[in-house]
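Chains as they are written, first to last, in our numbering: chain A, 1 to 320; chain E, 1001 to 1304; chain Z, 2001 to 2576.
It is possible that part of the hints are untrue.
What the hints assert, rightly or not - Each computed DSSO-like pair below joins lysine-lysine, with the alpha-carbon atoms no more than 30 Å apart:
1. Z:2066 x A:54
2. Z:2263 x A:54
3. E:1058 x Z:2486
4. Z:2427 x Z:2172
5. Z:2332 x Z:2350
6. Z:2486 x Z:2066
7. A:54 x Z:2242
8. E:1058 x Z:2066
9. Z:2486 x Z:2332
10. Z:2066 x Z:2551
11. A:7 x E:1125
12. Z:2427 x Z:2486
13. Z:2441 x Z:2350
14. Z:2172 x Z:2241
15. Z:2385 x Z:2441
16. Z:2441 x Z:2427
17. Z:2066 x Z:2350
18. Z:2263 x Z:2242
19. Z:2551 x Z:2241
20. Z:2385 x Z:2350
21. Z:2066 x Z:2241
22. A:54 x Z:2172
23. Z:2183 x Z:2332
24. Z:2441 x E:1058
Unchecked claim - Partial list, computed: chain E residues near chain Z (C-beta under 10 Å):
25. 1069
26. 1070
27. 1071
28. 1073
29. 1076
30. 1077
31. 1079
32. 1081
33. 1247
34. 1259
35. 1260
36. 1265
37. 1268
Calculated directly from the structure, the hints in this document are not laboratory data. Here a beta-carbon is modelled for each residue, glycine too, at the ideal position from N, C-alpha and C.
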Amino acid sequence: MLRYATKRLLIAVPMLLMASFVMFLMVSFSGDPLSRIRSQDPPPPPEALESLEKQLGLDKPVLERYVIWLFGLFRGDFGQSIMNIDIGAELGNRVTVSFRLIFLAIIIAAVVAVIVGVVGALRQYGFVDNVVSTVVFVLLAVPVFWLGVLLKHWAVSFNETVGSTVFYTIGDGSRQNATGLALIGFLVLPTIVLTVNVFASWSRYVRASMVEVMNADYMKLARAKGLSRGQAVWKHGLRNALLPFVTIVALDFSALVGGAVVTESVFQWRGMGDFLLTGIRNLDVNVVMAWLLIFAAATILMNLIADLVYGLLDPRIRHS
Amino acid sequence: MTVTDPSLSLVEAAVPVQGRSRMPAFLRRYLRNRVSVAALIVFLLILVFAFVGPMVWKYSFDVFTDDNSQPPSLDHPFGTDSSGYDTLAQVMRGTQRSVQIALFVALTATIIGAVVGALAGYYGKLVDAVIMRIVDLVLVFPSVAVAAVLAYMSMGTETSWITIAIVLSLLAWPIVARVVRSTALTLAGTEYVQAARGAGATDLSIIVRHLIPNSMGTITVAVTVLTATAILSETSLSYLGFGVQPPDTSLGLLIANAQAAIITRPWIFYFPGFFIILIALTSSFIGDGLRRALDPRQSAGAGS
Amino acid sequence: MRTYRPLGGVALLAASALLITGCSAGGSADASDDHVQGGRVSGDLNTVNTADVTPGEGEITMAIEKTINNWNTLSAAGDISETVWVTSALYPSAFFIEPDGSTITMNEDLLESAEVTSAEGEPTVVEYRINPDAVWSDGVPISVDDFVYQWQVLNRHDCSECQTHDSDGLDKVVSVEGSDGGKTVIVTYDGPFAEWKRPFGRLLPAHLGTAAGDLFTSFNGYFTSTPPTFSGGPYIITDFKKDVSVTLEPNPEWYGDAPNLQKITFVMITDTQQTPIALRNGEIQAMYPQPQVDLLTDVESMAELGVNYQLNQSLVMEAIQFNLSNSFLADKAVRQAVFTALDQQEIIDKTVGQFDESVEPLGSVMIMQQQEGYENKTEEHGFGKGDTDAAIGILEDAGYSIVDGQLMLPDGSAAPALRTVYSVGNKVREASLDVLAAAVKPLGITLNLETTDALGDSTGEKSPYGYDIIIVGYTGSPFLGSNAFKRFTTDTGYNLHYSSPEVDSLVDQALAAPTQSEVIDLINQADDIVIEDVFMMPIYQKPSIFAYDSKYGNLRDNPTISGPTYNVADWGVIAE
């Protein structure tokens, strides 16, 4: 098992290197990061622009800049940002903000998905199952950004009816040092928005997995042994259906990140998603590279965990 | 949309090795499912709306009328926006562009993925290992991020929508490849294939005439799933400003411009959203119907 | 600076009479002269929304569209409007510009007086007397040292490595000397200089700069990267949450009249579309966004919730510029024909007119419509009226002919198609160019529209040229001379292609003219030449919109570089 994991990691490194090189090239060739400053009216004197270029290392050829970036990485230096920030420190703050959002969404989505999926499987093709399944299908089709804006407006109308600010539309509450009920007012809308899409997908998986398990031989054996349906489900079915589910959560990490990017934009949270968008809009190569690296590493880690958990749980693989 | 959508993984589980006489049977089963048939009809109607509509509708999407901010009426069924653009025309054009991109992505990614997956499954060993590592690599990066970065590179050209479609395809093919690969792996080990090889058939002919047709179930479902995924991805990108650019329009772009209008002119906001939901929904239902029609083990079928 | 006082009846009548006769004083009119309709408040630009406010009370949260990472507003990268608004309460300026875009008022809190002591025709010498009570928030007096610091970093020779935004005229200053313990400052120029009010805005504390290192280190390092913990103005930063918000509270060492609001928070909302919702939800009470049509409709709909807004012209002009190095466009007849065939009103109707019906075609490139001295010159020359026949006449008189819908040069060859450039994604500008393309089609001229994602690069490219025709937005200024100098004189940074010795001479004279009316006269003459030469075609001025909760008084739109926070100490909650 350990050898397997190590082998996977070792292969990942050169691949990451290649991918980082390609991404670096693409971002660097996307355009001129100083163009905003150049189009200022009146434009700054050419000496100022040259000095700025030198400071940001933009006067060097792309390959040289890539090598500089790479070696800087080994020293823990993410490079100079066009926006005059310390990328390393910034990453720390932003990861915390995004993590809050994503973690909460995972927990809620997982819990609700399990409940809905199991109930649906147990009452397969019944009225409740059909209604819930249709709702789930619709939720899968709803665009995250559209839902976000919609919820914001319903929330504002709600606030107006109630006469006080229950729901907030901007920020994660840190500015106002919100706690308790007020903090919830900041968290509710973004969390719902991020949760909806993932929950729908996961609930379908749980249901499918649960149905498959219920028809498995060992379940029939359990019933034959005299256990009631409920007991059989609880003792054997649930565990077998849900343990693989853990790996699903890990593997869907990328999708969650994608949803978070949009959610942070709508609700103006200063998390990693917002950081990426700002980096791209400013053509800030070092910011974009740092972001991609962090998330590639996180995804690889998640995939590895998923593989390990699967391997541990599935005796067939363990003994292969 | 997630990598682990059950629709894909469960079709691969049900692949008997047979000739092509299956076709009429699955079609019959599909048509028996009323929901899937309804979805197919609606989807076709949307295609007509998007591609034929602009040719017959009196207003063009980029010409304004003098009616500003009108609610829906007989003259403007979807109302107008503040500049006087007819919302119906804009939604038609946006749908056209978004559906174009979504179908392009679905087909391209599926074709690439199917071919690559078949190769990996059939040849196994080194070829498989290399291909799977590439697949892993592509899937490592969050697609929104990569798409945003790459899409930025070709902004401003008339055919920029093709760039977005290509980028999204390049990010989506690994998902199909993985699934087709497992099917191909199973098939490659069967006696049928061994016999064919023994009889002198070339690798290429086996892949083309045997592996791929027998993966058609998976492949067809993949196309529908990817259509839904792609339309959500593209509209998200366009909403953020990294997708389709003005003067061209997309449903995502229409929504982005309508955010401030939702209270005063809700029709500009709701209609594009409904169409996105409709397209993704019908694609999913069609895919689900296909999957159920292809899967002879009715009771093992999941999803509604 | 306080310009309002509660008025008695007679004074009110007199003030109204002054307004009617068009006197442009700082004014003591009040909000009763304002016209309020459906949330929109209009009135005299310099005094609109004047109100009696409750002193020492109230808070406000205002949205800004950009995050602040660079605090040095004198630097090239840091000279961003939003940063200037936030820091205008911290970095004192010698003069500020009133909302009407022409009146330049001395900062009476900082300075007791600022006068020219030299005689006409001599090199300008200005004497500033700094308020003896004026101190920085750490107690160090504001003195000549701070003036010297700004002179040294901006004058281009004491700190050539400093990445400055502009010299503000300080490259013409020969010496900055102090006396009276540093409270009197004598500034000597190398010749007569009309714009002596321009420099010494947004002063930085020299003593903190010196403590940080040499000029370069303090300018590019300390003042750029450090959120200011100091202040020379009515407010001081008490909280800064990176990329989220900046909070200002009254500066305890403030030497002027106490400000009214006890807390001003600037919230950074980078997606403008999310701001109206926040305003509606009460999370912010003021916003000053880039105007968009849907935004305005949304703001209008909030009138019943108590949201007012001011909609005025900004100083930014939209203009279509020619590349005179293109041999075809080098012929004045061609340019004049194009401008004659173009209908400015048509562009307005298709673009900004959707937003604000009162926008009128702009007739000058050097003086904006709301500014003192504006004259409509395009009209005088018959330009911008969409007179296709006259345009064809001009071309034919110059030896051109139109054959099969294609313009032919006098030598018989076909006129080339023209690369017409605009910023990618800018629907408004694209619509404007569509109108132009349609207007020149009957003349047999073809325009090839193309986009650029780097407008500055396109304008500045030399080989090959980035455009034949380009549509741009240029900001006007009350400092007419320097504005014209950097845009229209030979071989200046932005202007690669146009050269007129008469214009150069007139602008140089305007920079040295002794009175404002002479400056205006000279600039108008230069303007006339540039218009007649059709270097660029002015179309309209962009609007600006300032929306706020109506319970606040003295909030006023100011589209100049001084920004809406120019009078932030006057802001307050209207007294019941």
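For each hint, the structure was consulted:
no. : hint            : verdict
1   : Z:2066 x A:54   : 25 Å, holds
2   : Z:2263 x A:54   : 40 Å, violated
3   : E:1058 x Z:2486 : 49 Å, violated
4   : Z:2427 x Z:2172 : 42 Å, violated
5   : Z:2332 x Z:2350 : 28 Å, holds
6   : Z:2486 x Z:2066 : 27 Å, holds
7   : A:54 x Z:2242   : 26 Å, holds
8   : E:1058 x Z:2066 : 42 Å, violated
9   : Z:2486 x Z:2332 : 22 Å, holds
10  : Z:2066 x Z:2551 : 26 Å, holds
11  : A:7 x E:1125    : 16 Å, holds
12  : Z:2427 x Z:2486 : 28 Å, holds
13  : Z:2441 x Z:2350 : 18 Å, holds
14  : Z:2172 x Z:2241 : 40 Å, violated
15  : Z:2385 x Z:2441 : 16 Å, holds
16  : Z:2441 x Z:2427 : 21 Å, holds
17  : Z:2066 x Z:2350 : 29 Å, holds
18  : Z:2263 x Z:2242 : 18 Å, holds
19  : Z:2551 x Z:2241 : 27 Å, holds
20  : Z:2385 x Z:2350 : 15 Å, holds
21  : Z:2066 x Z:2241 : 14 Å, holds
22  : A:54 x Z:2172   : 28 Å, holds
23  : Z:2183 x Z:2332 : 54 Å, violated
24  : Z:2441 x E:1058 : 26 Å, holds
25  : 1069            : 6 Å, holds
26  : 1070            : 12 Å, violated
27  : 1071            : 13 Å, violated
28  : 1073            : 18 Å, violated
29  : 1076            : 17 Å, violated
30  : 1077            : 20 Å, violated
31  : 1079            : 13 Å, violated
32  : 1081            : 7 Å, holds
33  : 1247            : 6 Å, holds
34  : 1259            : 4 Å, holds
35  : 1260            : 5 Å, holds
36  : 1265            : 7 Å, holds
37  : 1268            : 8 Å, holds
Against the hints set out earlier in the document, violations occur for numbers 2, 3, 4, 8, 14, 23, 26, 27, 28, 29, 30 and 31.
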